[in-house]
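Now for the letters of each chain:
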Amino acid sequence: MLADVSGRDNRGDRTRAELAQQTRVGEALVRGLVRAQLALALRLSLVVVIGLGGLPWLFAIAPSVSRVTVLGVKLPWLLLGVASFPFLIGVGWAYVRLAERNEQDFTDLVQRPER
Amino acid sequence: MENGLVVPAIVAVTLLTVGIGFYGLRLARTTSDFLVASRAISPTWNAAAIGGEYLSAASFLGVAGLILKYGVDVLWYPVGFAAGYLALLLFVAAPLRRSGAFTLPDFCELRLGSRRLRILATAFVIFIGWLYLVPQLQGAGLTLATVTGSAYPVGAVLVAVVVTANVALGGMRAITFVQAFQYWLKLTALAVPAIFLALQWQADARPAVAPPDGPLFRTATSVVVEHPANLTFPDGEIRAVRPGETISFDAGDPVPEVAGVTIDGTDWLLPSTAGTDDRGLFATYSLILATFLGTMGLPHVLVRFYTNPDGAAARRTTLVVLALVGLFYLLPTIYGVLGRIYTPQLLVTGQTDAVVVLLPEAALGDGTTGRLLAALVAAGAFAAFLSTSSGLLTSVAGVISTDVLGRGSVRGFRLATVIAGTVPAILALNVSGLDVSQVVGLAFAVAASSFCPLLVLGIWWRGLTDLGAAAGVLVGGGAAIAAVLVTVVGPPLSGWPATLVAQPAAWTVPLAFTVTVLVSAATRRRVPADVGATMLRLHAPDTLRL
Numbered sequence: 001m002l003a004d005v006s007g008r009d010n011r012g013d014r015t016r017a018e019l020a021q022q023t024r025v026g027e028a029l030v031r032g033l034v035r036a037q038l039a040l041a042l043r044l045s046l047v048v049v050i051g052l053g054g055l056p057w058l059f060a061i062a063p064s065v066s067r068v069t070v071l072g073v074k075l076p077w078l079l080l081g082v083a084s085f086p087f088l089i090g091v092g093w094a095y096v097r098l099a100e101r102n103e104q105d106f107t108d109l110v111q112r113p114e115r
Numbered sequence: 001m002e003n004g005l006v007v008p009a010i011v012a013v014t015l016l017t018v019g020i021g022f023y024g025l026r027l028a029r030t031t032s033d034f035l036v037a038s039r040a041i042s043p044t045w046n047a048a049a050i051g052g053e054y055l056s057a058a059s060f061l062g063v064a065g066l067i068l069k070y071g072v073d074v075l076w077y078p079v080g081f082a083a084g085y086l087a088l089l090l091f092v093a094a095p096l097r098r099s100g101a102f103t104l105p106d107f108c109e110l111r112l113g114s115r116r117l118r119i120l121a122t123a124f125v126i127f128i129g130w131l132y133l134v135p136q137l138q139g140a141g142l143t144l145a146t147v148t149g150s151a152y153p154v155g156a157v158l159v160a161v162v163v164t165a166n167v168a169l170g171g172m173r174a175i176t177f178v179q180a181f182q183y184w185l186k187l188t189a190l191a192v193p194a195i196f197l198a199l200q201w202q203a204d205a206r207p208a209v210a211p212p213d214g215p216l217f218r219t220a221t222s223v224v225v226e227h228p229a230n231l232t233f234p235d236g237e238i239r240a241v242r243p244g245e246t247i248s249f250d251a252g253d254p255v256p257e258v259a260g261v262t263i264d265g266t267d268w269l270l271p272s273t274a275g276t277d278d279r280g281l282f283a284t285y286s287l288i289l290a291t292f293l294g295t296m297g298l299p300h301v302l303v304r305f306y307t308n309p310d311g312a313a314a315r316r317t318t319l320v321v322l323a324l325v326g327l328f329y330l331l332p333t334i335y336g337v338l339g340r341i342y343t344p345q346l347l348v349t350g351q352t353d354a355v356v357v358l359l360p361e362a363a364l365g366d367g368t369t370g371r372l373l374a375a376l377v378a379a380g381a382f383a384a385f386l387s388t389s390s391g392l393l394t395s396v397a398g399v400i401s402t403d404v405l406g407r408g409s410v411r412g413f414r415l416a417t418v419i420a421g422t423v424p425a426i427l428a429l430n431v432s433g434l435d436v437s438q439v440v441g442l443a444f445a446v447a448a449s450s451f452c453p454l455l456v457l458g459i460w461w462r463g464l465t466d467l468g469a470a471a472g473v474l475v476g477g478g479a480a481i482a483a484v485l486v487t488v489v490g491p492p493l494s495g496w497p498a499t500l501v502a503q504p505a506a507w508t509v510p511l512a513f514t515v516t517v518l519v520s521a522a523t524r525r526r527v528p529a530d531v532g533a534t535m536l537r538l539h540a541p542d543t544l545r546l
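For the record, the sequence lines run as chains S and E. Residue numbering for the first sequence follows the UniProt record's numbering, beginning at 1 and increasing consecutively. Residue numbering for the second sequence follows the UniProt record's numbering, beginning at 1 and increasing consecutively.
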């Protein structure tokens, strides 16, 4: 056990203790992380709300758009039946990358050697 | 329908399911094995299992049937079913896994420390679980009746018994293997026939999907009338038909319109336009909201996240699930569209849910290829009933055994499984008139209006209190449940009231969020003292190991 504690982890021990003991510094760090992750999730939701959620509205106000034919298929069928799925997966992939980067930044901050 | 291959295919799927279940039984030893498979399942297996569990009768049969009937507007069902996993990924997956909770009631207690909220959450988990189980069993009964001519209760009872026995004996470790296998089976069962169907369509010189004069019968077809109806023929003739009457159509005859069932070609092909119909647009947005936000509140979806080793793995698993589910949802559209050409009689009978099962033989003829593909599709449909029911049953039984019976033992879990399986079986036998896809949509609406605000605000907002959460669940979820009850047993409505009740999510979800936030703000002193520690636990990266 002692070997574990005195190993690579002791650099950020004080910051980790501040996190665990809910000091003002620790609390501020966690609030920053939560805010960053929430902002990321909301930004990507906005992409979906505009990208997909705008479609019924677009079809409704501009019916001519839904009569466009691409490769013999009407545009709404192509957008909803095919294109929407890669779009959702792409947004999800971006989220996983960016959320992990946020967490890496937080980890680096916590484990930064004390000066 | 005389296809000697269908019954053996269904029996084979059922035996394989039970067989893999027993293989898992030898591995399942402790209660923890039963409930969360000891959290030792790889992300790929877990993702396939989540996908297998999620793709229900509504996805496998219902989506294609809806597309056949209503056209492009209902493509929002598959898009929403997939997008629900994106919402889950963005707002819930990793923090929920880090919370360490086993079930939704566990999460309530961990985050807000309230026993009473836990009981309320338990009641909603059971209600949503049963609401979702009934249409699965119904779908099984109707499918077996369609393909083998058996009585309706046979399929419903068969699936209920197989699933209850399998879950009670094998627990979740077993069904993880079963579910993963069933995802691939379901994908194959739709993808392989779809390729043959597309080739057949090419070989038939690409008949128009939506000919200008409406759909036509390709072959001589006769339809037996079961309910009184008015048929409108394209030349304007209206004919009233009575039960027992047989109507015959020749090849090339136009398909008559049935009041309340058929949608004509242009409406089918193009999205509804708002200028003429605001209610259509409202219903579309309501459906989008229910499916996007409802997935995270479904009990059988959430319980899977506890089988990931940590938060980062939960996120990656969810992304793989999104990809697997998105891949699957490319297929039902093909069946719905080709159904316009090859099975137009379903537009007259209204039994459009049968399109996936009937299409292979209708398009390819009853030669060996057509029969083999029909058997494959029937097997896939049964995999859909078995896997979704297993997942639902496991989560409902888990909640009943820990929160209602109050025992964490394996025997308690088995007793709870029998209780959880019996109630929906009895309900399914007594309410055969419900529309499968609509009940599933309502289950999403209830989940989106009750657990979505609880989870999202609980994970991201420190100000949530137990009273706020309870008020939101009661008002939002209660309003959605009231809408369900009015839809199922209430008087027929028309105009705006009908739309608001049939697609309630667009007003119940904002209502639930508003009530939760307002009541929490008014009871600010009840914010748990340990909220800081909980937030740290939910959001701190796994690598820190605090």
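Read the hints as simulated data drawn from the structure, not as lab findings. Every value quoted in this text rests on a predicted model; they were computed, and no experiment measured them. From the three backbone atoms N, C-alpha and C, an ideal C-beta is built for every residue, glycine too. Honestly, I wouldn't trust all of these hints.
Claimed, not checked - Facing chain E, according to a computed beta carbon distance under 8 Å, are these residues of chain S, among others: (1) Gly32; (2) Leu33; (3) Leu44; (4) Ser45; (5) Val47; (6) Val82; (7) Val91; (8) Ala94; (9) Tyr95; (10) Leu98; (11) Glu100; (12) Thr107; (13) Val110.
As the list claims (entries may be wrong) - What the simulated footprint calls covered on chain E by chain S, stretch by stretch (three residues with Cβ under 8 Å from a Cβ of chain S suffice, anywhere in the stretch; the number is not a length): (14) 353–364; (15) 471–482.
Comparing the hints with the structure gives:
1. Gly32: Check failed: Cβ of Gly32(S) comes no nearer than 10 Å to chain E, outside 8 Å.
2. Leu33: holds, 6 Å
3. Leu44: holds, 6 Å
4. Ser45: Constraint on Ser45(S) satisfied, holds at 6 Å.
5. Val47: violated, 10 Å
6. Val82: holds, 7 Å
7. Val91: Result: holds, 6 Å to nearest chain E Cβ.
8. Ala94: This interface hint is violated because 10 Å lies over the 8 Å limit.
9. Tyr95: holds, 6 Å
10. Leu98: Given a least distance of 11 Å, the restraint on Leu98(S) is violated.
11. Glu100: Given a least distance of 7 Å, the restraint on Glu100(S) holds.
12. Thr107: Hint on Thr107(S): holds, closest Cβ of chain E at ~5 Å, below 8 Å.
13. Val110: holds, 6 Å
14. 353–364: n = 0 at 8 Å, threshold three: violated.
15. 471–482: Our answer is that it is violated, as 0 residues pass the Cβ test (under 8 Å) against chain S, missing three.
Against the hints set out earlier in the document, violations occur for numbers 1, 5, 8, 10, 14, 15.
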